[in-house]
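S.K.: These are the residues of each chain, in order.
Protein chains: 2
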Amino acid sequence: MIQISFPDGAVREYQDGISSMDIAKSISEGLARKVLAAKVNGQVWDASRAITADATLQLITWDDAEGKNTFWHSSAHLMAEAVEALYPGVKFWVGPALDRGFYYDMDLGGRQMTDEDLIQIEKKMNELAKQNNPYIRKGISKQDAIQYFEEKGDEYKLDLLSGLTDGDISFYTQGAFTDLCRGPHIPATGAIKAIKLTSISGAYWKGDEKNKMLTRVYGVTFPNKQELDAYVLMLEEAKKRDHRKLGKELSIYTMDDDIGQGLVLWMPNGTIIIEELEKLAKETEEAADYKRVVTPHIAKESLYITSGHLPYYQDSMYPPMELDGTKYYLKAMNCPHHHKIFSAELRSYKDLPLRLAEYGTCYRYEQSGELFGLMRVRCLHMNDAHIYCSKEDFAQEFRAVNEMYLKYFKIFGIDKYVMRLSLHDPAKLGKKYIDEPELWIETEEMVRKVLIESGTPFVEVQDEGAFYGPKIDVQIWSAIGREFTLATNQVDFAQGRRFKLEFTNKDNSPETPLIIHRAPLGTHERFIGFLLEHYAGKFPVWLAPLQVKILPISDKFMDYALAVKAKLRKAGVRVEIDDRSEKIGKKIRDTELMRVPYMLVIGEKEVAENQLSVRRQGKGDTGTQLVDAFVDLVVDEIENRKSAE
Amino acid sequence: MIQISFPDGAVREYQDGISSMDIAKSISEGLARKVLAAKVNGQVWDASRAITADATLQLITWDDAEGKNTFWHSSAHLMAEAVEALYPGVKFWVGPALDRGFYYDMDLGGRQMTDEDLIQIEKKMNELAKQNNPYIRKGISKQDAIQYFEEKGDEYKLDLLSGLTDGDISFYTQGAFTDLCRGPHIPATGAIKAIKLTSISGAYWKGDEKNKMLTRVYGVTFPNKQELDAYVLMLEEAKKRDHRKLGKELSIYTMDDDIGQGLVLWMPNGTIIIEELEKLAKETEEAADYKRVVTPHIAKESLYITSGHLPYYQDSMYPPMELDGTKYYLKAMNCPHHHKIFSAELRSYKDLPLRLAEYGTCYRYEQSGELFGLMRVRCLHMNDAHIYCSKEDFAQEFRAVNEMYLKYFKIFGIDKYVMRLSLHDPAKLGKKYIDEPELWIETEEMVRKVLIESGTPFVEVQDEGAFYGPKIDVQIWSAIGREFTLATNQVDFAQGRRFKLEFTNKDNSPETPLIIHRAPLGTHERFIGFLLEHYAGKFPVWLAPLQVKILPISDKFMDYALAVKAKLRKAGVRVEIDDRSEKIGKKIRDTELMRVPYMLVIGEKEVAENQLSVRRQGKGDTGTQLVDAFVDLVVDEIENRKSAE
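If you read the protein sequences in the order shown, they are chains W and A. The first sequence finishes on residue 660 if you use my numbering, and the numbering steps up by one all the way, no holes. The second sequence finishes on residue 660 if you use my numbering, and the numbering steps up by one all the way, no holes.
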């Protein structure tokens, strides 16, 4: 008999060799139907795999991130099975799960795949799914595996095999399809009830443009039709709200080949949004006793050796500028610069917590294939700050940062969010992570405690910490339910010591501060990309580049229009007049297209009565108002940063 | 007889071969006594040199920049004569005039010069000046010149001679001293009435650290004692107001070896000043219908080839970062980035003038020897904007920019200023300047016309234009009379065409805009350096990092102090409490040292009467005030950006 411990603390005895699925069945058949995989001693396994010793067990369903991941990975295998059935002789490279869905790279021997093919593959996949074939795992020796793929003539899997260790190799088979795979997989294909292949693209083998171009097919699957329908609807809405499309239509930003990929030029309209966001951040941070600093965008190599960015982060940095025997790097993060400001003066416990804030611009050399509109760029304007504090102050400071996040979420109408606590991997100490095993465990526990005590929803993720400490990534969902990873809040126990930062504590002894790195609004680039989708370009008045447009019905009313404009402008409102000789209908349509929150139509009647006909974006005519009343209304909406409802 | 034309338009006839000095004497002996040199056909000559053909003539006195320059160059010769008399065998390298004063580099054969030596040299110089020896020019063949210095064993002058062309070589002799020199010089040593040798430093021969270290002696001279006294007083005051000293004392900025030379880290106090200046600029520019943009700090090589920065400006740029076959450069100017924003959308004459503004950060690789505190740095935050306009709009736009300068001067109490119109040199077209001779003349004339019509004081300088057009540098004088070159206002007829910028004009045809580059507040670095000296660190309230300090006489009054603080903070005032257990006298002294404008002393009486004892920086106790009255007073001072008087 073996002892199985469950997440709720319960411990039960089972037959040695029992599978997670059988355990699930022993609890309830309903539960068993939902099980996709199981976490055994922290590792995700096939639900059918035998457990042969005492273990902790967590049953994994669609509701878990690992459940979706396994589901989509198994769906990639299902797609491969369908493709092989339709196009015999096809060879496969890799087929991973993505954040949302999956893809498989394949060599179709020169065949061009079309949208029509996707429909056929989808049909075949549905057919195969209905057969409810189990995913069967088989350990295999390296020699046998090589022989299998040599007989099949599959150079891609042979290439993959060359990198694997004998004894660690497994095949998975469902129906007529067998793949080299580490797993895990869902129990059987029948769980895949709704299938959508979304796109085809080319992808160089191993991402190297000197290699052959393979065909990459993307898809997404769900355990029921309703979720697929909702997802397709969301995709369609997301397409309409695509920040690249809106960014161009609303003159928010542009890019240019002579500047460089991933380097955003912010047009006047985008700059207004940037400045409003900075104003909000400055007000919020000033109220929380932050101090602002300004630092250069470059520094000498020695700074980044001290910080550990060289070598830990080198791959993401632009190459150095070498001059007079010195190497200068563009900064990829602001922290080392802020540490230098901390150490520029003697610090006492009375000066702490010291909170240094800067909208610092950082440069990261993302691979060109990964660049995407504003979401993945090479120049990042970060809402950055570093909080230097003692251990005693840590919990309070960390909690205050979390509360700042919640305050911002409220302003932007972000209802759904989750904090992702990213931890280190002990196996990678000294490589990916600073080699301080005890401090890792201590600070991870401190952060976990704050999150639990403050009732913040969070999940834990292994092996995704920063190199200097654990971090919290904040995931938020836009109004149409799309997920964005946005802000960050990190604890750093390492850099303080690396930079020899010290303050004199109450006992008059030198002490190294803990450092909190935080960026609640993330970067302008990603946050404005998110906001464009979230608001579909219909920004609340305080953020709208143009807040009010005055539409005189004819030139006769220009004097009045100018007087209204002057009044609004004096009150700090961004306002323009449409002075074209166009019909009022066209003026309204054009202004709607630019998503201007308020339109003021002015004709004979309005002038006579010192009134305005007020149209609200998306709501149409809202009646007439006295000029002063309208000014008060719009100023109130701006000053209180009200959401459009 | 020859015809001589004077600046006032008069033309007179003189004997062929007459000297400028003789012409001056023929006008008046008083004038002749003041003549230091003469500008003949635009070139500065010795006043004693014979004029042998019709010419334009401008007599040069101490009041002219060229007069001071000649005076100081002659003073360098006088110093060399004194040094040679005192230390026979000394060898000289070069001895130029500076913006203020002169230096001479010399090889003393291993002798260390001391401050005591300077006194002796000064004494000797005074003695030699009284002899009133004339500076006598003698043309000499290269062979004879080489023979002279070979006999003297002077390898430095021989090195200089090797670069000169026969027929173009002259010696100057005054008293017992003869030097290889192109001239010109003042008539005789007697004009030098007041002498001050200011410092000694080491200087590598030809600025190359592999070469021998020479001794450089700096000095300054004047035609009368009063001007020297005023100058010495100004130097002493400048020393007290040294922006590097104040910058450290007031925690304005710091530098760090690991960041790099010339790269400023702005501390919280400096950042407050930066943000106040940016706020002022944004308000001013918004009122003038500027639009703000934000652009990256790097761009690809191709951008700078188009702009002409490569090769015209390459020496001042950081070297490239090379990656994936592409070279990226740090931007040395914002203009090309702004041009890309101009060209990102179709532009019509209705969109013009388009004024794009950005506090852009630029990077220039100044030689390390030239770096100096905030005045000469490698990272520059520029109050930049580019105005794209048609030729018809040019005069109005250019005048509006000039008016903006004057508005700023008033706010900062800058009473003395002059605009320096820098023109091109026709001989350097295609090398230092874009090769467009006609456009140079046309735009220079446009700018001159605006300056004359608007009654702005200005001087013209040859061969100092930007490579793309004429520019105006603004020279201002600080409160203690020191001169700073600060802001810039440039016309650009070249880049519009290079970038193929176009707008559709009223005739529906494409037209290239003129571009005005302007930076009225210059860079944060230099302007804050200037302000530190100008105000001696005693900033007006609106600029002061800390505006009010509350000094409770004892802990008993802390509640009241906190209430006053809350009230001031709510009104937007930067306020702190000195809560140390120190005597009130010490609290006042420490706060005075930090140049905080207002100190509020709180004791028994103040609490009882809801009052404050108000001390004003530099004025001491100004009596008691009710709390609300004081809040109103300080808010008014801030909002109206009042100067401290």
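Hints in this document: simulated from the structure, not taken from any laboratory. Treat the hints loosely; a few may be bogus.
Identical chains share a label here; the pair holds if one copy fits it or two copies do between them.
As the list claims (entries may be wrong) - Calculated lysine-lysine pairs in the BS3-like style (CA-CA distance at most 25 Å, straight line):
1. Lys306 - Lys294
2. Lys294 - Lys582
3. Lys106 - Lys425
4. Lys425 - Lys553
Keep in mind the model is a prediction, meaning the values are calculated, not measured.
S.K.: Run through the hints listed earlier and report the numbers of any the structure violates, in increasing order.
M.R.: 3
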